[in-house]
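Asker: Could you put together the complete structure from these sequences and hints?
Residue numbers for the sequence shown follow our numbering, so the first one is 49 and each next one is one higher.
The reader is advised that the hints may include incorrect statements.
With a cut-off of at most 25 Å between alpha-carbon atoms, the simulated SDA-like pairs for lysine to any residue come out as follows [said to hold, decoys possible]:
(1) Lys114 - Ala63
(2) Lys113 - Ala69
(3) Lys64 - Glu87
(4) Lys113 - Ala63
(5) Lys64 - Ala106
(6) Lys64 - Val77
(7) Lys113 - Pro75
(8) Lys114 - Ala74
(9) Lys114 - Leu73
(10) Lys113 - Ser86
(11) Lys113 - Val83
(12) Lys113 - Thr51
(13) Lys64 - Ala74
(14) Lys114 - Val83
(15) Lys114 - Cys62
(16) Lys114 - Gln60
(17) Lys114 - Cys59
(18) Lys113 - Glu55
(19) Lys113 - Ser89
(20) Lys64 - Pro96
(21) Lys64 - Asp82
(22) Lys113 - Ala74
(23) Lys113 - Ser67
(24) Lys64 - Gly107
(25) Lys113 - Pro96
(26) Lys114 - Thr76
(27) Lys113 - Arg53
For the record, the hints were derived by calculation from the structure and aren't laboratory data.
Computed from a prediction, not measured in an experiment: that's the story for all the values here.
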Amino acid sequence: MTTYRVEGMTCQGCAKSVSNAITRLAPTVVVTVDVARSEVSIAGAVAPDTVEQAVTEAGFEYHGKKAS
49 MTTYRVEGMT CQGCAKSVSN AITRLAPTVV VTVDVARSEV SIAGAVAPDT VEQAVTEAGF
109 EYHGKKAS
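Answerer: Shown next as structure tokens:
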């Protein structure tokens, strides 16, 4: 599982928008969104640039992979 920082999410509607945007571009992944922590975790293979594209197209700020 890979976790990314995504800023601008304030509610479960935001979480659903981000999740839907990612799964639209990478339909085989499982997405978990934690609005309170501004994190999106993805199980499955997806390129970081695909995640960035999905997040920005959904209207949120992509801040890259979370440091381990």
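Asker: Work down the list of hints and note, for each, if the structure agrees.
Answerer: Against the structure, the hints:
| no. | hint | verdict |
| --- | --- | --- |
| 1 | Lys114 - Ala63 | 17 Å, holds |
| 2 | Lys113 - Ala69 | 17 Å, holds |
| 3 | Lys64 - Glu87 | 13 Å, holds |
| 4 | Lys113 - Ala63 | 17 Å, holds |
| 5 | Lys64 - Ala106 | 10 Å, holds |
| 6 | Lys64 - Val77 | 14 Å, holds |
| 7 | Lys113 - Pro75 | 20 Å, holds |
| 8 | Lys114 - Ala74 | 20 Å, holds |
| 9 | Lys114 - Leu73 | 21 Å, holds |
| 10 | Lys113 - Ser86 | 12 Å, holds |
| 11 | Lys113 - Val83 | 16 Å, holds |
| 12 | Lys113 - Thr51 | 6 Å, holds |
| 13 | Lys64 - Ala74 | 15 Å, holds |
| 14 | Lys114 - Val83 | 14 Å, holds |
| 15 | Lys114 - Cys62 | 19 Å, holds |
| 16 | Lys114 - Gln60 | 21 Å, holds |
| 17 | Lys114 - Cys59 | 21 Å, holds |
| 18 | Lys113 - Glu55 | 12 Å, holds |
| 19 | Lys113 - Ser89 | 10 Å, holds |
| 20 | Lys64 - Pro96 | 19 Å, holds |
| 21 | Lys64 - Asp82 | 11 Å, holds |
| 22 | Lys113 - Ala74 | 17 Å, holds |
| 23 | Lys113 - Ser67 | 16 Å, holds |
| 24 | Lys64 - Gly107 | 12 Å, holds |
| 25 | Lys113 - Pro96 | 8 Å, holds |
| 26 | Lys114 - Thr76 | 21 Å, holds |
| 27 | Lys113 - Arg53 | 6 Å, holds |
The structure fails none of the hints (numbered hints given earlier).
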